[in-house]
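**Student:** Sequence:
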Amino acid sequence: MLSERRLQVLRAIVQDYVGTEEPVGSKALTERHNLGVSPATVRNDMAALEDEGFIAQPHTSAGRIPTDKGYRLFVDKLAGVKPMTAPERRAIQNFLEGAVDLDDVVARTVRLLAQLTRQVAVVQYPSLTRSTVRHVELLSLAPARVMLVLITDTGRVEQRVVDCPAPFGDASLADLRARLNSRVANRRFADVPSLVEDLPEAFEHEDRGTVSTVLSTLLETLVEENEERLMIGGTANLTRFGHDFPLTIRPVLEALEEQVVLLKLLGEAKDPGVTVRIGHENAHEGLNSTSVVSVGYGSGGEAVAKLGVVGPTRMDYPGTMGAVRAVARYVGQILAES
751 MLSERRLQVL
761 RAIVQDYVGT
771 EEPVGSKALT
781 ERHNLGVSPA
791 TVRNDMAALE
801 DEGFIAQPHT
811 SAGRIPTDKG
821 YRLFVDKLAG
831 VKPMTAPERR
841 AIQNFLEGAV
851 DLDDVVARTV
861 RLLAQLTRQV
871 AVVQYPSLTR
881 STVRHVELLS
891 LAPARVMLVL
901 ITDTGRVEQR
911 VVDCPAPFGD
921 ASLADLRARL
931 NSRVANRRFA
941 DVPSLVEDLP
951 EAFEHEDRGT
961 VSTVLSTLLE
971 TLVEENEERL
981 MIGGTANLTR
991 FGHDFPLTIR
1001 PVLEALEEQV
1011 VLLKLLGEAK
1021 DPGVTVRIGH
1031 ENAHEGLNST
1041 SVVSVGYGSG
1051 GEAVAKLGVV
1061 GPTRMDYPGT
1071 MGAVRAVARY
1081 VGQILAES
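Numbering (my numbering), first residue to last: 751 to 1088.
Worth flagging that the hints you see were computed from the coordinates, not collected in a lab.
Here the structure is a predicted model, which is why all the values come from computation and not from measurement.
Note that the Cβ used here is the ideal one computed from N, Cα and C, for glycine as well.
Wrong hints could be hidden among the right ones.
[To be verified] Computed spacing ranges between beta-carbons, pair by pair:
no., residue 1, residue 2, range
1, GLU1035, ASN931, 25 to 33 Å
2, ALA894, ALA1033, 47 to 55 Å
3, GLU908, HIS993, 16 to 24 Å
4, ASP853, HIS993, 30 to 38 Å
5, ILE982, SER944, 30 to 38 Å
6, THR770, GLU908, 19 to 27 Å
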């Protein structure tokens, strides 16, 4: 275990390196921070921190920079989550409240996160596997044609036109709508197939073919829309950090193009808390020089998807964690109210 003083020295090194982009020396630390000890003592503390792998000396510079291990300790033990100011919170709320549908919510969230953190923002669409049905609407377009509208608790709206095998009257359509919603409203998507499998038997023989066709379309919609989707923004922000990447930002950009990689980076949606993966903790080699800060979002206190940012390991962790958490909270509120 590091002594309290050496923890303070490490915190000061991380803060100065993130703020100045320059390796940090003992003289600068004693001048900028009230550590209460001499530069010689700070040099000894820095030597101990270097021996234990928390800081390193780049090239022949006299200063030191944090390692992945040093950032990890900083995030776990030394950094609180920086709360957003009241004006920042109002700005987030006002910006997101103007969204007209789920696609707009996700697009605005990506733009907002990229602006707030000046990193690459990644937002996962709410997964239907973790969503519930809010309502199924059935509208008559013609005697043998029906519009099926599926509305989820996360604001997702899916529409399908169903060509029926025979004309279907308004009374039968109203009956099907009522019976369908009584079974599936507020139920998870995963439960829907078993909830509706015997529904055709509740109708007259001549209507069962149409009921089965409508149900087949509903179940197909669940399967089709089950793919995980992401939106990414702010990639140009990486160009500001060129010197933070050992050789080139190309491996980072290539990794960001792979949706499967990003989904793994964000982690499981069921883990709603703020997660920070630093440097080599990211399994994909192209992202070994980056950190990922992610958090779950959703309505009703349950996470249905993840959002987060990707940036260099030299990151303002308290500020980034605060921004990601605040945005996730507001997105969850908007989904709950939609």
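**Student:** State for each hint whether it applies.
**Tutor:** Now the hints, each set against the structure:
1. GLU1035 x ASN931: 25 to 33 Å: Between GLU1035 and ASN931, where Cβ atoms are some 49 Å apart, the hint is violated.
2. ALA894 x ALA1033: 47 to 55 Å: holds, 53 Å
3. GLU908 x HIS993: 16 to 24 Å: Check failed, 46 Å falls outside 16 to 24 Å.
4. ASP853 x HIS993: 30 to 38 Å: holds, 36 Å
5. ILE982 x SER944: 30 to 38 Å: Holds, at about 36 Å.
6. THR770 x GLU908: 19 to 27 Å: violated, 50 Å
Checked against the numbered hints given earlier, the structure breaks hints 1, 3, 6 and satisfies all the rest.
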